Every structure is written in structure tokens, then in C-alpha cells.
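J.: Sequences listed follow chains A and B, in order. Counting from 1, one number per residue, gives the positions in the first sequence under the numbering used here. Counting from 1, one number per residue, gives the positions in the second sequence under the numbering used here.
Treat the hints as calculated values from the structure; they're not laboratory data. The structure presented is a predicted model; accordingly, all values stated were derived computationally and were not measured. For glycine and all other residues, C-beta sits at the position ideal for the given N, C-alpha and C. Among the clues, some could well be false.
[Claimed, not checked] A few chain B positions that, by computed beta-carbon distances, are all more than 10 Å from chain A:
{"hint": "1", "residue": "R40"}
{"hint": "2", "residue": "Q173"}
{"hint": "3", "residue": "I215"}
{"hint": "4", "residue": "G217"}
{"hint": "5", "residue": "H244"}
[Unchecked claim] Label-pair restraints from in silico Cβ distances:
{"hint": "6", "chain 1": "B", "residue 1": "A25", "chain 2": "A", "residue 2": "R129", "range": "28 to 34 Å"}
{"hint": "7", "chain 1": "A", "residue 1": "L167", "chain 2": "B", "residue 2": "R41", "range": "24 to 30 Å"}
{"hint": "8", "chain 1": "A", "residue 1": "A126", "chain 2": "B", "residue 2": "F17", "range": "49 to 55 Å"}
{"hint": "9", "chain 1": "B", "residue 1": "D108", "chain 2": "A", "residue 2": "L38", "range": "25 to 31 Å"}
{"hint": "10", "chain 1": "A", "residue 1": "L167", "chain 2": "B", "residue 2": "D129", "range": "31 to 37 Å"}
{"hint": "11", "chain 1": "B", "residue 1": "F17", "chain 2": "A", "residue 2": "L95", "range": "22 to 28 Å"}
{"hint": "12", "chain 1": "B", "residue 1": "G86", "chain 2": "A", "residue 2": "L38", "range": "33 to 39 Å"}
{"hint": "13", "chain 1": "A", "residue 1": "M35", "chain 2": "B", "residue 2": "E221", "range": "51 to 57 Å"}
{"hint": "14", "chain 1": "A", "residue 1": "G87", "chain 2": "B", "residue 2": "E221", "range": "43 to 49 Å"}
{"hint": "15", "chain 1": "A", "residue 1": "M35", "chain 2": "B", "residue 2": "D108", "range": "57 to 63 Å"}
{"hint": "16", "chain 1": "A", "residue 1": "M35", "chain 2": "B", "residue 2": "F17", "range": "45 to 51 Å"}
{"hint": "17", "chain 1": "A", "residue 1": "P14", "chain 2": "B", "residue 2": "G86", "range": "53 to 59 Å"}
{"hint": "18", "chain 1": "B", "residue 1": "A26", "chain 2": "A", "residue 2": "L118", "range": "30 to 36 Å"}
{"hint": "19", "chain 1": "B", "residue 1": "G27", "chain 2": "A", "residue 2": "L118", "range": "24 to 30 Å"}
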Amino acid sequence: MIQPSSPSTAPARPWLQRHRWLLLRRFNQLGILAMFILPPLFGGMFAAGNLSSSMTLDILPLTDPLLLAQSMLTGSWPALTGFIGAGLVVVFYALLGGRVFCSWVCPVNLVTDFAAWLRRRLGIRAGGRISRSLRWWMLGLVLLLPLVTGAMVWEYVNPVSMLHRGLIFGFGWAWLILAAVFLYDLLVVPRGWCGHLCPVGACYALIGTRAPVHIAAPRRERCDDCMDCFTVCPEPQVIKPALKAAGGHGPVIDSIDCTKCGRCIEVCDREVFGLALGWVGKQGFLNRDRDAHAPAERRKNALQLRETRAASLRREAQDNNVSIP
Amino acid sequence: MAIDMQSKRNGVGRRDFLTGLARTAAGVGLIGLGLGLYSRRAASLPAWALRPPGALPEDDFDGACIRCGLCVRDCPFDMLHLARLGQDIPTGTPYFIAREAGCEMCEDIPCVKACPTQALDHGLTDINDADMGLAIVSDQDACIAFQGLRCEVCFNICPIRGEAISLDYQRNQRSGKHALFIPVVHADHCTGCGKCEEACILEEAAIKVLPRHLIQGKLGEHYRLGWEQRQRAGGALVTPDAEHRYNLPEGMRYDHGGEGLIEAPGDAPFPSDPLDTLNRGGSL
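Generate the whole structure from the sequences, applying the supplied hints.
T.: This is the structure in C-alpha cells:
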């Protein structure tokens, strides 16, 4: 499916191995949709509602926190199930990484991934650039509008809920919005929606800021610069610090933009990438790794500090004519 | 010069930074303006679309509803729908159309229980308190009850039969010997479930359910109904009641209680001296 931009020096691996994460992801995305769509067709119910808020097997409520926040900003107070549902979603993505939603759950990902794939296949190079920080502006706007107007303004156009609700309850003209997102990603700005504008993804990114699950490049010294990972990555800017150790950066991809789609792991013929579990510090090292790397230095520092303190105490005691053993 | 030096050091000068910031803010602001204006237009609910039981007033509802469709899914009768983009109803919000299928008024109100927000007010526990709209006999020329034909379908299908819709028996002027069975809606009891409109046998329903604020009247706050006040107070609050005296032959009087013209010996309506009449209370 993906043509390496430059031939890798490693032997080619089977197709399935190069796409195992992608297949898992598609299975997950379509499986979630199926749980909502299929049972009602046979008169049953598995997951009711949609991604905005759902109830699974009459016991598990899940609510989109950004939607609930907008609703509350209009001055409305949700019911208990709404709060519980949003809490569960926040905890889940806070642990797993916020943008896991984008690559593993969000149905728009199917549309924008298709646009990105088509761009690569057709070799479309055209397209402008917009700032990735626009999504934070959009997130601010989405939260400000309900406060000002008292209405859930974003929900009149939100492609994420439009697509998911449309697939379950019927589209109307909502497919036009999705077509717009597709064409925009294909022709106007590459990866322009999810990575640059979508406030839903921005919100989830914030939720997952401190998540202990990461993609990392622990075998980065093997990298032969074939660029495959940069080609498939929806947020290629997150790879560089970890892969190229820019500015002494550790091997962990610590940007909240990383969607943890796992495509870099599977496309790399030299198996540079992998998962890393643990809290990450400022420099792209896992905290426990940093401790493991520098125990001797820390011991030395601690001894030095103790020595300095003892010296100052002794001096003080001498000044006061007190004898210290 | 100093600014140039700084801009080279940081990669972007203060002027560039501020211009970029202003440009982004203006762009995002324009998007916000567009969205805001569109939403004002898109948020209006047409009168023929009714909200599920317990729905907040429309302005609040639009802010509270998160468009999840859980009420639609939990309705055992599948009469609720989620509005689609392009319909005249706010996209993604639940509605029903009375003529197609009215609310069956489940006693446990599953749609309200399913709502994860308070868009459907969880304080609604008795379905008879629901207020989805108000029925109105909107066309007396078309309604066959007004033609003297027996129908009473709306009266009989009404879940609060006899209270929300009652039958008013009137004389059939055309035949002179039959009764008209006129359906009358009582706003205090009608929940706006829409069953009457759904069931109306006409090609186009002559009884319709509309948002209450469009059709319900209201007395001025200052208005008092005399007979109610009198009953509450146990007597007349202003001038004491005096029986109206008709100019009748001597020894006769008229009774409004159903007796009609009766003999009342010694009860001459007007004594020969007019002053006596005036002294008797001044009423004629």
C-alpha cells in the first residue's frame, strides 16, 4: 500500500506484518461503529446513542467531555449519567493518551486517512500550510461560543459527531460536511483537518497530556533515514525529536499530538519503534530510565550536599563555641 | 536596528508575531461569527416538530441537548427521530411528528431517564405532567363532529380521556333533533402527546398539536372571576347581591334557578310608592 520513499536496507517483511496496527485500528473503528449500528437492525441493542453520549449494555455510560463542557457552558447542568460518562472517558484517555481517540475511535479518521492515502497514491504535492496551533484557537472558540450564545454552536457543523450520528441515525446532508473535510485534506491542506483544525482532537490531546503510554524509538541508532515513518505519520513533527535525538531528546515521543496509531512501528523495516510504558520527564526519557541511567551521579551529588551542610554546621558551632563530636 | 537584531535571533520579530496573531484571531473570529449566525438560524424549531416529554424550553434545550440520540433509542415505540442536517429542525436533536406517531406516554418515561443531560428534565416523574405541546381543534369547518356526525375519535384515543379532551353536547341546529358531540381541549390537562392528531380520521387533521406558547391564551394577572372570588370568600366582596326585579304582574316573580315564572303572593315587584322601591336597596 505504501511505497517507501527510498529503498530501505532491511529485507522486506510480509504485508500483514507491515499493516498489523492499521488492521487492528480499522477493526476497532469499524467494530465500534458496528456495535452501534448492527444490533438495532436485528431488534436488539448493544451500544445505544452515539459518540456524543452512549449507553452500552444498559450499564456503561460514556459521554464526550467536550460536548458536556459545551453543554455546561450554556448554563445547563447535566444528569448524573452524563457526569459519570464524561468522567470515565476522561480517565480512560488520560491513561491511554488522548489522541488515541483520534486514531482508534473517531470515524473521521477513516475519511482523513483515506484522503492522506490517496494523496500519496496520486502523488498530490499541492496544498497550503496552516498552523497546527489553529486547533487550540478552534478549541477556544468552540468553548467560547456556547458561553456567548447559549447554544451548542459547534454541534451544528462538527464533522466528528455528524459522521458518527449520520451513520447510526441517518445523514441528511451531513455527508456534505464530510466530503468537505475529505476534499480539504486531499487538495487544500495535507492532514489539514485532524492535525490542524479539529477542536475535538485538541481537547482529547489535552486530556492525555500526562498519559503513561507512548510510542518510542528505543532502537533509533538503527535508523537508515528511509523516511517511511514520516510518510505515514499523521503528525510527522512528533517523530523527529525522539528519532533524531534533537537537542539531547530521549527516545520517547512525548508530544501530545502523537495519536499512537502505531503506523511508524509497523512500517519501519529496521524495527526502530516500539511501545514505552511509564511517566515521561521533560526530555523524552521515561522517568525510571533516567533514574537507571544516573544513580551514581545522584549519589555523588547527595554526598556532596551532605558534606557542604555538615561543614556549615561545624562553622556555625565553632562561632558559637559549642563542641560537636 | 535593535528590533532587527532581535528578530534574527528569535527567528520571528515582534511585528511579525503580532501580525500573525492578529491574522489568526481575525480568521478564527470570522469563523466564530459565521458559526454563531448560522446556529441562530439553524436552532429554530418549526411548530410541527414536537420535543419528547420533559424537554426544556426551546432556548435551554438547544444548549443542554448533546445530540446523542439515547432518548430515540430508548423509546419503545420508535416514534422519536434525530433531526438530520438539511431538515428544518436543529441538527441532531430529537423530535416527533404528531400526525405520524404521537407519544404513547409510557408511565416510566424511558426517554427522560436515558437523557445524560437535563435537556429532558429528570424532574418529570409523572407523564401526565408532560408538556410537549397543546392540542387545538384547528378547523371547525372540517371537523365532522361540528357537522353533527358521530366521530369522537380524538376524545376516545386521548390518554387522559375526558380530562384533556371532553365532549360538549350542543343542539344540532341543522336537524333540530340531534346533538353535536363537540371535542373541547382543556389546556390544564393536555400533555401534547399528539395521539389525537395522529388518530384524526380526516385527510388533514382538524385537531393539531402545536407548541403551547403559540396557542394558549392567558388572562391578565389582574383579572378576577367574580363567582370564583365569591365562592372563595364565602360571600360577595363588594355590593351585596340583590335579586333582580322584573316588571311583572303583581304577585308574580321570575326564578333563575329553573322555576321560571312563579307565583309569589304578596311580593309585588313595585309598590305604588316609588320611594319604597328605592329604600328597599335601590335595585330595580
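J.: Each hint needs a verdict: does it hold in this structure or not?
T.: Each hint tested on the structure:
{"no.": "1", "hint": "R40", "in the structure": "violated, 7 Å"}
{"no.": "2", "hint": "Q173", "in the structure": "holds, 50 Å"}
{"no.": "3", "hint": "I215", "in the structure": "holds, 25 Å"}
{"no.": "4", "hint": "G217", "in the structure": "holds, 28 Å"}
{"no.": "5", "hint": "H244", "in the structure": "holds, 58 Å"}
{"no.": "6", "hint": "B:A25 with A:R129: 28 to 34 Å", "in the structure": "violated, 19 Å"}
{"no.": "7", "hint": "A:L167 with B:R41: 24 to 30 Å", "in the structure": "holds, 26 Å"}
{"no.": "8", "hint": "A:A126 with B:F17: 49 to 55 Å", "in the structure": "violated, 28 Å"}
{"no.": "9", "hint": "B:D108 with A:L38: 25 to 31 Å", "in the structure": "holds, 27 Å"}
{"no.": "10", "hint": "A:L167 with B:D129: 31 to 37 Å", "in the structure": "holds, 36 Å"}
{"no.": "11", "hint": "B:F17 with A:L95: 22 to 28 Å", "in the structure": "violated, 37 Å"}
{"no.": "12", "hint": "B:G86 with A:L38: 33 to 39 Å", "in the structure": "violated, 26 Å"}
{"no.": "13", "hint": "A:M35 with B:E221: 51 to 57 Å", "in the structure": "holds, 54 Å"}
{"no.": "14", "hint": "A:G87 with B:E221: 43 to 49 Å", "in the structure": "holds, 45 Å"}
{"no.": "15", "hint": "A:M35 with B:D108: 57 to 63 Å", "in the structure": "violated, 25 Å"}
{"no.": "16", "hint": "A:M35 with B:F17: 45 to 51 Å", "in the structure": "holds, 47 Å"}
{"no.": "17", "hint": "A:P14 with B:G86: 53 to 59 Å", "in the structure": "violated, 46 Å"}
{"no.": "18", "hint": "B:A26 with A:L118: 30 to 36 Å", "in the structure": "holds, 32 Å"}
{"no.": "19", "hint": "B:G27 with A:L118: 24 to 30 Å", "in the structure": "holds, 27 Å"}
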